[in-house]
Each structure stands twice: as C-alpha cells, then as structure tokens.
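Note that the protein sequences, when read in sequence, are chains A and B.
For what it's worth, this note's numbering labels the leading residue of the first sequence as 41, then goes sequentially.
For what it's worth, this note's numbering labels the leading residue of the second sequence as 6, then goes sequentially.
In case anyone wonders, no lab produced these hints; they're calculated from the structure.
Given the structure is predicted, the values throughout are model-derived calculations rather than measurements.
Mixed in with the good hints, there may be bad ones.
Said to hold, decoys possible - Simulated DEER-style distance windows between Cβ atoms:
id, chain 1, residue 1, chain 2, residue 2, range
1, A, Ser177, B, Val236, 35 to 41 Å
2, B, Gln221, A, Leu52, 43 to 49 Å
3, A, Ser288, B, Glu92, 39 to 45 Å
4, A, Ser59, B, Leu243, 34 to 40 Å
5, A, Leu52, B, Val236, 35 to 41 Å
6, A, Leu174, B, Leu9, 43 to 49 Å
7, B, Tyr248, A, Ser228, 38 to 44 Å
8, A, Leu48, B, Arg52, 43 to 49 Å
9, B, Ile54, A, Ala107, 39 to 45 Å
10, B, Leu243, A, Asp219, 43 to 49 Å
11, A, Lys71, B, Tyr248, 55 to 61 Å
12, A, Thr97, B, Ile54, 19 to 25 Å
Stated by the list, open to error - With the C-beta cut set under 7 Å, the calculated list includes, among others, these residues of chain A facing chain B:
id, residue
13, Ile236
14, Ile254
15, Phe260
Beta carbons: idealized from backbone N, C-alpha and C, even for Gly.
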Amino acid sequence: MDRKNGKLGLILPSVLLYSILIFGGLFIIFKESLGYIPKLGLNEISLKYYINVLDKTHFRSMVYAIAIAVVSSGFSMIIGAFIAYRMTRSQSIKSSMLFIRFGMVLPYLYMIFIVTLSFSQSGLLSRLCHNLGLITSTDVFPNLIYGFWGIVLTFTLKGIPFVALLTYNVMRQISSRFDDVALTLGGSKWQIFKTIYLPLTRDTIVWSGMVLYIYQIGAFEVPYLLNKIKYQSFAVKIYSSYLSPKISDIPQTMALSILLFFVGLITSALYAIALRYLIKKVAE
Amino acid sequence: MRKLKWILLVPIVYLLLLSLFSYFKYPNVFPSRFTFDYWINIMKQSRFIEALINSLIIGSASAILATLLGLMNGRYVVKYFGGYTKEIALVVSLPLLIPGMILFLGMHQVMILTRLANTYLGIILVHTIICIPYTTNIAIAYFTGIPEEYELAALVLGGSSYTTFKQILLPLLMPGILTSMMISFLISNTEYFSTFLIGGGQVITLSMMMFPYISQGDYGHSSVMGIVFIVIHMCLFLLVDRYNKNDVDVYFGGK
C-alpha cells in the first residue's frame, strides 16, 4: 500500500462522521424540504414549501435573530479583545484567568439564570435601586430581560470569555516581541493596541466573532426562555414547527431549516468580511 | 477599571446564599431563613443521581472519542498534510459554522434512520462532532510544537514506532490531551438542546435537569444545580491547569 495513502486512515473516522452525520443530515433535510418524503406518501418534488415560508413573519424573525447575533457577538468581540489586551498589560492574570474559566464553565442555560437574578424587574439591581430610594416599585424598573436586550445581554456575557481567552493566547506572544520597541518609540497604550495588537489578532477576533454569530442565530434555549411572544427568534420557530404533529408541516419545517442554513452561510461570510474591513479601518 | 472585575463575584456569592436561604422577598437585598431544604430536595431525587451518572458517562465518552479523533486529525494535518492552512481550518470547524438548529435537526434525522435516536451512543456521537473542531485545533498546536528530529532520533536509535509514540510523543502531548478532554467534557455537559433532541427527552443529564428550575424561576433549586455543575467543572479545569504549567498556544482558525 502507498505509505501516504495508508495514513489517510488517520482522518477516515472523522471524515466518515462528518459526512454521514453532517452532510447526511443536511441532505435529508434538503430532500424533505422539496416535499419528497415517500414514507409519508409525499412523492412530488416542488419548491412550493419554500414559496410558502417566504412571508413577512418569517422574514421578521430572521432579521430579529440576525440583529441579536450581530449586536451580541459585536459586543463580545469588543469587550473580549479589550480584556485580553489588559491582561497582557497586567502583572498577574491569575484572577482574570479564574473569571474567564468561570465564564466558560457556565452553561448558556445558567447564564440566563444569572442575568435574570441580576437584572430582572425584581432582580438584584432593582432591589438595590429600591433601597437607595431611586424607584418605588418593581414596575418602575425597566424590563431588561425579556426581549431583544435580555437575549443580547446573555449572549454577550457568555461570549466575552470565549473571545478573551482565544485572543489572549495570541496577544501574549506579541507582547514580548513588540512592546519594548513600541514604548521606546513613545506609543501610547491605545496606539499600541490599535496599530500592533489589533491587526495581528484580527484573524482570531474575527474567527471567534463568527463562531459566536453562527451559534447565536441557531441557538435555542436563550431566545426560547427570554422571548416575548410577539417576536420569535427564527431557530425557536423552526423547533416549534418541527414538533408539530401535522404531516404537511414537515416539508415546511425543513424548508425553513435550509433557509436558515443559507442565510447563516451568507450573512456570516458577509459579517466576517465586514469585520475584517472594520478592524483594518480602526487600525489605520 | 481594574477593580471592576470583582463585581463578578456578586453572582457567585448569591448562588451560595440562595441555595441556603429560602426567604428572598422584594425589596430585600439579602435572603434570610437558613435552610438545607434545597440541597436535600435535589440530593434525594433519584433523577439527580441518574443525571449525574449520565452526564459523567456521556461527557467522558465524548471527551475520549473527540480527543482521540482530534489527535488523529492533528497528526495527519501536521505530518502528512504539511501545515494548518485556512482552508483546512474551515473544514475542521464545519460543525461550528452551521447554525445549531439545522445541524442538530439534520443529525436527528440521521439518528432516526440509523435507530440511534434516544440512545446514549447517538448523543455521544453528536457531542463528539461538535467537540472535534476544538480537539483537532488543540492537537495541531501540540503536534506543531514537537520537532520532527525527536521522533527521527528515537527511530534511528532503534525504537519501534510504538515505543517512539509511548516514550517520546505521548509525554509531550499529555498536556494537550488533558486540555482537549477537559474542554470536550465541558462542551458535552453544557449542551442542552442537542442532548434533549437526540435523547428524545429520555436521557436526563445535569443540563436537562436544570432547565425546568430555571424556566420556572426557582432560585433555590437552580442555585443548587448551578453550584454542583460549576464545582465539578471548575475543579477539573484547575486540575488540568495545575498539570499543564507551560501550555502551548492554540490558534483556532488556522495560521
């Protein structure tokens, strides 16, 4: 056997897993989205399910999901990158690292609990305001939790440690090499960050932002638990439609999923391009 | 600014307080009436033991499988493919680049077809897939850090490929293996949606047991579940950190 080909055995299991589970799954969904489910007596291939789902409410929840993901991954990237930069400046990062670990260990589900506990109308912040005499009852405290900003808050908080850790890993390599030069030349902290750190960590920041973005448009539990009934996030909509016992809903659900797939693919690529451009502009 | 991060201790302190005090009426800032009821209520449920064991089984199995596959992928990319390009990174990261909802619905369909739906194996395979991008990245970073001469020297001195692996590569890879296992174990255990979907709600894990308490806003029981979850994973993290004193820099997304 050819030696090099023999080594393909190393990646074979992963390739098989990816092909069967990921591509196999996508293929089945695509097939069913066209209305071809012989088991259920649906044999006709058509695009009518796609046409059916292209309406205003679905469009609106898609935009809603994208807006949430753009805003929260954006915040996570900005704050995460700054934290990583500050960590490269400080003498001891032990406590910061501990907090980052803590943030990573928390499940999304649990982040919802912490956000509710702290910021809901009867949460800690509201109680504090009441005791300071700033508000008189829970109704006066703004609703920060249920709806757009609550979801954004949860996603942002959960995303920060992820960005910070990945970016810090790259940044600490830079600090030893460039810092002395930059400081000797009289660069301010912000200038050093802008002109040295940001361009050199651009790929990592954009990559982590993209991963967060895609996770967030496809996530279930956070939008599900923190949503107002009026607007449903797209992924939650797909899942409730997936649970529907009506046979005619199946191709529709699958069409929605394929839509999510392509929208995710296109918008995340655009998002990454835009981010790269933006970071380049800031660094100039 | 520097002191701002200590505000993060507030939720941690409240988790402890709320798991031990039952009276938390608005606008009290601190809860009162000490009780062990929440802890006892959780601990005496047979569902809790079941969830704990299931999380351990599914988490460990996914961690071992994902780490093993990650090592194999890493070895191939570094030694036979000649470096970690952006394109490879994109392929490896595939599960992270597809929105979870469609990824998991698709895998659920495959699981139904292969009769793996509602089984442990089904959940483990799905969790393994979403861990592979991380474990492969870690493995690539560690393999890249091992000079090829080490291996050649061992082989020239008459070591078989097995002894070379065991004596030379394995000790150098060990920190990476531990990190990779730790991260996969954590990812697997934090997964709520995929576990629920693929397990059909029949395989209860810690995340799934947490869900109703959190959705009902039950502070006491949520806190207990949270503390159990956090303590297990923080301890593992700290143990791995302690062992890995000089860790290698992992570049996700290629170089």
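Here is how each hint holds up against the structure:
| no. | hint | result |
| --- | --- | --- |
| 1 | A/Ser177 with B/Val236: 35 to 41 Å | 37 Å, holds |
| 2 | B/Gln221 with A/Leu52: 43 to 49 Å | 46 Å, holds |
| 3 | A/Ser288 with B/Glu92: 39 to 45 Å | 41 Å, holds |
| 4 | A/Ser59 with B/Leu243: 34 to 40 Å | 38 Å, holds |
| 5 | A/Leu52 with B/Val236: 35 to 41 Å | 39 Å, holds |
| 6 | A/Leu174 with B/Leu9: 43 to 49 Å | 21 Å, violated |
| 7 | B/Tyr248 with A/Ser228: 38 to 44 Å | 39 Å, holds |
| 8 | A/Leu48 with B/Arg52: 43 to 49 Å | 45 Å, holds |
| 9 | B/Ile54 with A/Ala107: 39 to 45 Å | 43 Å, holds |
| 10 | B/Leu243 with A/Asp219: 43 to 49 Å | 29 Å, violated |
| 11 | A/Lys71 with B/Tyr248: 55 to 61 Å | 48 Å, violated |
| 12 | A/Thr97 with B/Ile54: 19 to 25 Å | 44 Å, violated |
| 13 | Ile236 | 17 Å, violated |
| 14 | Ile254 | 6 Å, holds |
| 15 | Phe260 | 4 Å, holds |
Hints 6, 10, 11, 12 and 13, counting from the list given before, are not met by this structure.
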